[in-house]
Amino acid sequence: MAAVTTERPVSRPLQGLESGRRRYREKIIVGSLFLCAALSIVLTVGIVLALLIPSLEFFGQVSPVEFFTGTEWAPLFKNSQFGVLPLLGGTLVVTLIAAAICLPLGLLAAIYLSEYAARRTRSFVKPILEILAGIPTVVYGFFALTFITPLLRENWLFGTPPGVFNALSAGLVMGIMILPTVASISEDAMYAVPQSLRAGAAALGATKYEISTRVVVPAGLSGIIAAFVLGISRAVGETMIVLIAAGGMPNLTFNPVEAMQTMTAFIGAAGLGDQATGSIGYKTIFAVGISLFVMTLIMNIISIRLVRKYREVYD
Amino acid sequence: MIERPMSENRGAVVMDEPERTREGSSDAGVAPEAGADAVLQESAKLAEVTRERRRQVKKDADAETVFELKDVAVTYGGSYAVQGVSMSIRKNEITALIGPSGCGKTTVLRCLNRTNDLIQGAKVHGQVLYHDIDLYGPKVEPVEVRRRIGMVFQKPNPFPKSIYDNVAFGPRVGGFKGNMDELVERSLRRAALWDEVKRDLKASAMALSGGQQQRLCIARCIAVEPDVILMDEPCSALDPVSTLRIEELMDELVSEYTIIIVTHNMQQAARVSDRTGFFTVAEGQDEKDHRIGILVEYDLTPTVFTNPSDPRTEAYVTGRFG
Ligand SMILES: Nc1ncnc2c1ncn2[C@@H]1O[C@H](COP(=O)(O)OP(=O)(O)O)[C@@H](O)[C@H]1O
Ligand SMILES: [Mg+2]
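Chains as they are written, first to last, in this note's numbering: chain S, 695 to 1009; chain E, 327 to 648.
Errors might be hidden in some of the hints.
Covered by chain S, according to a simulated footprint, are these stretches of chain E (three or more residues, beta-carbon under 8 Å) [stated by the list, open to error]: (1) 437-450; (2) 465-474.
Result set (DSSO-like, lysine-lysine): computed pairs, CA atoms no more than 27 Å apart in a straight line [claimed, not checked]: (3) E:417 <-> E:465; (4) E:465 <-> S:902; (5) S:902 <-> S:820; (6) E:481 <-> S:1003; (7) E:481 <-> E:524; (8) E:503 <-> S:902.
Anything over 12 Å on all C-beta distances counts as not near chain E; from chain S, calculated [to be verified]: (9) 729; (10) 762; (11) 965.
No wet-lab data here; the hints were simulated from the structure.
The C-beta atom is built at its ideal place from N, Cα and C for all residues, glycine as well.
I would like the entire structure built from these sequences, with the hints used as guidance.
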């Protein structure tokens, strides 16, 4: 920008042009913005390192093969067992139950809000959804334990009723917890689909339902996938509900009425107890933590791929 | 569905119109480059010959009426946008609706396939007869109406899907059971797009140029085999060459369809249409600031452009519109 001034006749005194104050201030702003960006990167690297170092020590003592294929999880007992599969299984079961609740319901709620609801209904319901998304998870945990679990136990129709602690109740409530987030973000994606596409489909004789399912949902798919993955990531990482309602027993089963422990619940439970720093129990927490971290990282990478692939660019 | 008034300059092509029309147009087109200009003029002349022949035939045969509008008015949230529109639209003709921005051309067009239903607060008054059936009668299903009366929009609005899926969309929702590949090919051929896209029908429609997208929208529209095609300023976002292609296309399509085109490009109306309706905005009497669209004159296109009966029409087509 500055170079241009030499070409043209200067109408104002040269001193004014040479003043460095502007650029000095600009430099400070750029510098501090860079520092903020750098800080977040440094922190992330720091956290990963803090996870990685004790984990590496752990895998020096316990073979990764035993860790990832073993079916017994009893790291804190005298006769310790380090097979993480029961925790992984627990995480999977609870997450699947939550997903089975929140994906279909979230999508339907989003379609209703974006395509069918009157503008007034939408402007009323959307903020409520966002408030629901802000309820502390410990509240959901006790809701599962003191409301959903008794409900299930009293009205159970087939086979053995669920125990006081069970994966089903935790998964259901987790699904309810994630539902507003999934619905709200999917709805944003659908609402952002240009009106001209709806008008175009309507002019071809599509019904409202056909417009919603064949034009709006596909056009907003990348945002909807992002909402789903965010929801599932939250389910995988959720601790409080499973800690309270699913019980603390590592249990390699896919029967949802049994008590289970998820990876997060183990971290939560073991972290509360006093593990001597540097002990094997202490390192176990980090090993499970980094496994969880890698899992969610892979999920996020997949979701970014999916979002790119299904991105339907309009405009 | 909010229509933004958009300059038509990009879409206009200057050609040998009667002198008064050309110099007078308020939105005179940007002349294309010298080379393209000669080509354009040449093909435009050819098109003009076929058009003249068609018009000659048309005058003899007393064409059947497709739409009969009787004192149609439209209100948005209770206030009138357009009022007192009565006109009858003939089969296998191109009817142009012209007039300044905001005079209600789009609004009237939307009455004809009930897309006004999709706008909150819009209400149609008066009577719209389609082949003697009241389009707003209690038993009429708007979805069925729109299957028979297709629409092409001002801004090309292909779905973010493949070219094939765009064309197949209408037939699919309409429950088409025949050979879809054939239908897609036929529609793309009729829209003069086939040769440009046949190599990759799976390609995204969003990768096409603006002119190709608009022809795709026309293909998508004729794939449902409608009876009428409504076009709302279909060329306003296109360059002169694409505009000419669309105009030629309309000329071919009109033997099978009835076409109603909204344009605020007068040369285009003069070039393509058989009949022209001129709308303008009148100062409303009821409220202070309220302006209402009205239909001033509706007649054969040559009459409207060379021998209009209303001074407001004359002022507009000669460019003395104030
Ligand atoms: N969706 C809408 N909601 C409210 N008013 C509208 C809407 N569409 C058009 N109008 C009003 O109706 C009048 C005519 O608009 P329109 O039919 O788009 O004119 P044209 O197509 O001739 O430019 C304008 O005053 C405009 O503000
Ligand atoms: Mg318009």
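To see whether the hints hold, each was checked on the structure:
Under a criterion of three residues with beta carbons nearer than 8 Å to beta carbons of chain S, the stated coverage of the segment 437-450 of chain E is upheld, 4 such residues being counted. Given as covered by chain S, the segment 465-474 of chain E passes the check, having 4 residues with a CB less than 8 Å from a CB of that chain where 3 are the minimum. Only pairs whose Cα atoms come within 27 Å are accepted, and residue 417 of chain E paired with residue 465 of chain E is accepted, the gap being roughly 24 Å. A hinted pair counts as satisfied when its Cα atoms are at most 27 Å apart, and residue 465 of chain E with residue 902 of chain S qualifies at roughly 18 Å.
For a cut-off of 27 Å, the pair hint linking residue 902 of chain S to residue 820 of chain S stands: about 21 Å separates their Cα positions. In summary, the hint linking residue 481 of chain E to residue 1003 of chain S is supported, as the alpha carbons are separated by about 26 Å, within the 27 Å threshold. For the hint linking residue 481 of chain E to residue 524 of chain E, the alpha-carbon distance of about 24 Å falls within 27 Å, and the restraint holds. Taken as a hint, the residue 503 of chain E and residue 902 of chain S pair is honoured in the structure, with Cα atoms around 22 Å apart against an allowance of 27 Å.
Residue-level check passed: residue 729 of chain S sits 40 Å from the nearest beta carbon of chain E, beyond 12 Å. The claim that residue 762 of chain S is not at the interface with chain E holds, since no C-beta of that chain comes within 12 Å of its own (minimum 41 Å). Every CB of chain E lies more than 12 Å from the CB of residue 965 of chain S, the least distance being 47 Å, so the non-interface label holds.
Checked against the numbered hints above, the structure breaks none of them.
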